[in-house]
Amino acid sequence: MWTQSLLLLSVAAAALAASATEPKIIGGFPAEQGDTLHQVSIRFRVLDEKAFGRGHICGGSLINNRTVLTAAHCAVDLANGMRFPASTFRVVGGSVERMRMTENTVVVGVDKVFVHAGFDTVTTANDIALMIVGGGGL
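All letters in the sequence shown, in the order written, are residues -17 to -1, 1 to 121 by mature numbering (1 follows the signal peptide of the UniProt record, and there is no 0).
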């Protein structure tokens, strides 16, 4: 029994170590600072304020400096179909570092969220939403 537990623990540790060093996209390459300024991290504000990066829930793409395109399932509680209030979120951009702030990191609140009227939480049809960020934008 002890040997089986040790073997299982060793396999789990090896899998975790391998996943930390292997790229997640086959044939991909690390992005350089400035390569992905159109890409943002959408986060649950309260979680992210407690531990930067831990609030990440979805990615988004900038349409302009104040408008983010994302998936509707990121803005809706799938358990009950209710939309989260805009104040639930914050958007982080400007850096390739998701888990730590750098001199390039920009953090803004969300003023409004628009979820496609035909979004279906069961089939995920029309899974699209817009977030309007506050301040000077991103």
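Among the hints, a few may not be true.
Cross-link-like lysine to aspartate or glutamate pairs, in silico, EDC-like; alpha carbons within 20 Å at most [claimed, not checked]:
1. K95 to D60
2. K33 to E80
3. K95 to E15
4. K95 to D110
Computed Cβ-Cβ distance ranges for the label pairs, DEER-style [unchecked claim]:
5. I111 to P68: 16 to 24 Å
6. G64 to E15: 34 to 42 Å
7. E80 to F27: 31 to 39 Å
8. I115 to V29: 31 to 39 Å
9. G11 to G117: 14 to 22 Å
10. T106 to E32: 14 to 22 Å
11. V105 to L30: 36 to 44 Å
FYI, nobody ran anything at the bench for these hints, they're computed from the structure. Note that CB positions come from ideal geometry on N, CA and C, so glycine has one too.
Now the hints, each set against the structure:
Annotation: proposed proximity of K95 to D60 holds, straight-line Cα distance about 16 Å (limit 20 Å). In summary, the hint linking K33 to E80 is supported, as the alpha carbons are separated by about 17 Å, within the 20 Å threshold. A threshold of 20 Å between alpha carbons decides the hint, and for K95 with E15 the separation of about 31 Å lies outside it, so the pair is violated. A hinted pair counts as satisfied when its Cα atoms are at most 20 Å apart, and K95 with D110 qualifies at roughly 17 Å.
Against the hinted window of 16 to 24 Å, the Cβ-Cβ separation of I111 and P68 comes to about 19 Å, which satisfies the hint. Against the hinted window of 34 to 42 Å, the Cβ-Cβ separation of G64 and E15 comes to about 40 Å, which satisfies the hint. Taking the beta carbon of each, E80 and F27 are about 19 Å apart, not inside 31 to 39 Å as hinted. In this structure, I115 and V29 break the distance hint of 31 to 39 Å, their C-beta atoms being roughly 20 Å apart.
One distance hint, 14 to 22 Å for the beta-carbon pair G11 and G117, is violated here, with the actual separation near 33 Å. Between T106 and E32 the beta carbon distance is about 34 Å. The supplied range of 14 to 22 Å is therefore violated. The hint said 36 to 44 Å for the Cβ distance between V105 and L30, and at roughly 26 Å that hint is violated.
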